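First to last, the sequence lines map onto chains A and B.
By my numbering, the letter at position 184 of the first sequence is numbered 176, and the numbering carries on one by one without gaps.
By my numbering, the letter at position 280 of the second sequence is numbered 272, and the numbering carries on one by one without gaps.
Think of the hints as simulated: they come from the structure by calculation, not from any bench.
What you are looking at is a predicted structure, and each value in this text was computed from that prediction instead of being measured.
Don't take every hint at face value.
Which copy is meant is left open, because identical chains are indistinguishable; a pair holds if it fits in one copy or across any two.
To be verified - In silico lysine-lysine, BS3-like type, Cα no more than 27 Å apart, as pairs:
{"#": "1", "residue 1": "K250", "residue 2": "K171"}
{"#": "2", "residue 1": "K7", "residue 2": "K171"}
{"#": "3", "residue 1": "K194", "residue 2": "K250"}
{"#": "4", "residue 1": "K275", "residue 2": "K68"}
{"#": "5", "residue 1": "K275", "residue 2": "K129"}
{"#": "6", "residue 1": "K7", "residue 2": "K129"}
{"#": "7", "residue 1": "K275", "residue 2": "K250"}
{"#": "8", "residue 1": "K194", "residue 2": "K129"}
{"#": "9", "residue 1": "K194", "residue 2": "K171"}
One-letter residues, chain by chain:
Number of protein chains: 2
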Amino acid sequence: MSVLVVGSIALDTVKTPVEEHADLLGGSASFAAVGASFFSPVRLVGVVGDDFPEEHIGFFRDRQIDLEGLQRAAGKTFRWSGEYHWDLNTRETRSVDLNVFEHFSPELPPAYRQSEMVLLANIAPKLQSQVLDQMDKPRFVIADTMDLWINIANEDLRALLPRVDLLVLNDSEARQFTKETSLIRAGRQIRALGPRFVAIKKGEHGCLLFGEGAFFSCGAYPLEDIHDPTGAGDTFVGALAGYLSAQSGTVGFAELRKAVVYGSVVASYNVEAFSLGRLRSLKREDIEGRYGMFRRMSHFEAFE
Amino acid sequence: MSVLVVGSIALDTVKTPVEEHADLLGGSASFAAVGASFFSPVRLVGVVGDDFPEEHIGFFRDRQIDLEGLQRAAGKTFRWSGEYHWDLNTRETRSVDLNVFEHFSPELPPAYRQSEMVLLANIAPKLQSQVLDQMDKPRFVIADTMDLWINIANEDLRALLPRVDLLVLNDSEARQFTKETSLIRAGRQIRALGPRFVAIKKGEHGCLLFGEGAFFSCGAYPLEDIHDPTGAGDTFVGALAGYLSAQSGTVGFAELRKAVVYGSVVASYNVEAFSLGRLRSLKREDIEGRYGMFRRMSHFEAFE
C-alpha cells in the first residue's frame, strides 16, 4: 500500500553554532516522503519552482517516490532560512520566502485518490482539508501541524481534527493549543476534539502517544552528536506513516507503538547530518539495529 | 538486608499556586526512608530538634524504620520553606533555617556499620563521605546530590564519587556539573569520575540510567494532577534503594532498571499529596499496579 504525502518542498539555509549550509533540500513533504520510503511506496504531492535542482528530483526517484503529484510552477521554490541556538533545542527563523508555495493548491492525480494511508505533513490546515476532500475513503489519516497554524488558522485546524486519525504536534504546541500545562491533560483534550490518536513530540525527551484508554511513552535515542535538527519531526511522522502503511489490517495501538519507535529511529539518524544527508546512505538494517537498541533501552522486563 | 539512609530531616512550609501548608514532615532522609520502607527494613541517621512532633516519630516507627541512629539535639528542627510556580516544575526557596542541622555530624551506631546498602540522601558531600568512613564494606552505595553542592562543595563531591556505585542527580545539575548540553555526554562524563552507574532525573520527562555500555530510558508516570512535587527525587532514590536492598546477589543493570521503575512509581504517588501524605495510605499492591502500568506504557513488543 502507498502512503500519500502532501506538504511543502523547500530549499533551506541552515546555520548552527558550528556550520552553515545553503540551498539544502528541505520542506515537510521532502523529509516525510523520504522517511516513509524506507518502509512503503510513496506518492508525493507538492510544488517546486523552475529553479529546483534536478539532483533532488533524482534523489526522490532513487527512493522510489512517485512524483506524478509533484507540481512545477514558474518562479522560485519555497525558501526557508533558520539559525539554531547553542543547545540546538531552539531556533530562530531568519527568513521565509513562500515563492511558488504561496499559491499552492494540492491537486491529486486520479490514481492517488484511493490511497489508503494519508500523511498531511505540516502545511496550512485548509490545504490539509482540501486533500481529504479529494480522497475516496482513506484507511488512516495522519496530520502534522505547528504553532503558526494554532495561532493564525485555529478554526481551520479544529475543523480538520475530526477527519484525522492521528494528530502529531510538539509539546509546546500541545500546551499552546489546549492552554494546559500538563501534557497528559493536553493529549486527552486534543483527542476529545476528534483524532483517535495523538502523538506529542518532546524533542530530546522522546514522544508520548495517546489512544482510547491507552498511553505509550517512547524515549529518544541517546545521540551524543546532533548536527542539524531540521526536519526531525517531519522525518519522524514520515517513517511512522511508512511503517503503518506496510502493515495489513486495522491500525491499533500495538502497531502505533511500533510505528512511533520506527519514526523515532529514522528521525534520530536524520539529525546526524544536514538536510537529508544521512538518509541517503541509510539502510533498512541500520534502522532495525537502532530499533533493537530502543527495545533494550525501554524494556525493563525480559528486555533481551 | 537493611538500607542505611542518611540525610536531612526537616519541617517544611510549602506553597503552590493552589494551597499552602506549614510544619510538614520533610527533608531528604524522611522522604527517602519512607520510600525505601515499602521494600526493605530501613535504618535512619539524622538529627531533629526538641520541637520535632512525636507524631512524625510514630509515623517512622509505623513504617518499621529503625531510629537508633536518629539524634535529638537541643534547639529547633531544620526548617525549609518553598513556593512553586504555576507549572509546578520550578520553585523558589523562601527561607532556610538550618537550626540543629547546622552542626549535624552523622554518627553510626555500631549495628549500622555493617549495612550492605547505603543511601546517602542529599546532604553536604563531606558528611556523605564521613558516613562511608564509618562503614565496613557496603555492597552498594547510592548518593544523591544537588546544585548547591556542585556550586560550593565541588571538590568534596568529586572526592566522594569514586566511593559511590550510583550517583543520582537531575538534568540541570548534570549539565551544570559537566558543562555539557547533551545529557548523554553528561552521564558518560560523570561515570568517568567514579560511579559505576549514574541516574539523571528529568522530572516530568522521566529518568535516564547509565552503566558500562548500557543505557535505560524510563518515562514518567502520566499524572494529570500533581499537588506537591517536594521530595519526589528523595522518594525516588529511597524506593530505588529499598528495592535493590531486597534483591539478593550483585547489583547489575537488569536489577537497576527495575529499581528505577519502582523509584518512579513511588515518587509518582508521593506528588499526589502534600508532604508524605499519600505514602501514609500507600500499599504494596498499589505499587505493583502502577509498576504494571509502567510496563504497558514503556514496552512496545510483547507488552501485555
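**Asked** Given identical chains, is K7 near K171, meaning Cα to Cα at most 27 Å, within a copy, between copies, both, or neither?
**Response** between (32 Å within a copy, 23 Å between copies)
**Message:** Cα distance capped at 27 Å. Does K275 pair with K250 within a copy, between copies, both, or neither?
**Reply:** within (18 Å within a copy, 33 Å between copies)
**Asked** Between copies, within a copy, both or neither: which fits K250 and K171 at Cα up to 27 Å?
**Response** Neither way: K250 and K171 sit 30 Å apart in one copy and 35 Å across, limit 27 Å.
**Asked** Is it within, between, both, or neither for K194 and K250, if the alpha carbons may be no more than 27 Å apart?
**Response** Both: 17 Å inside a chain and 24 Å across chains, each within 27 Å.
**Message:** I want to check one pair: K7 and K129. Are their C-alpha atoms no more than 27 Å apart within a copy, between two copies, both, or neither?
**Reply:** So K7 and K129 fail the 27 Å test inside a copy (42 Å) and across (53 Å) alike.
**Item:** Status of K129 relative to K194 across identical chains (alpha carbons, at most 27 Å)
**Value:** neither (32 Å within a copy, 42 Å between copies)
**Prompt:** Given a CA cutoff of 27 Å, do K275 and K129 count as a within-copy pair, a between-copy pair, both, or neither?
**Reply:** Neither: 33 Å inside a copy, 50 Å across copies.
**Request:** Measure nothing new, just compare the shortest in-copy and cross-copy C-alpha distances for K275 and K68 to 27 Å and report within, between, both or neither.
**Result:** Cα proximity of K275 and K68: none, with 33 Å in one copy and 66 Å across.
**Asked** From the Cα coordinates, with 27 Å as the cut-off, is the pair K194 and K171 best called within, between, both, or neither?
**Response** Both, since 17 Å and 22 Å are each at most 27 Å.
Hints 1, 4, 5, 6 and 8, counting from the list given before, are not met by this structure.
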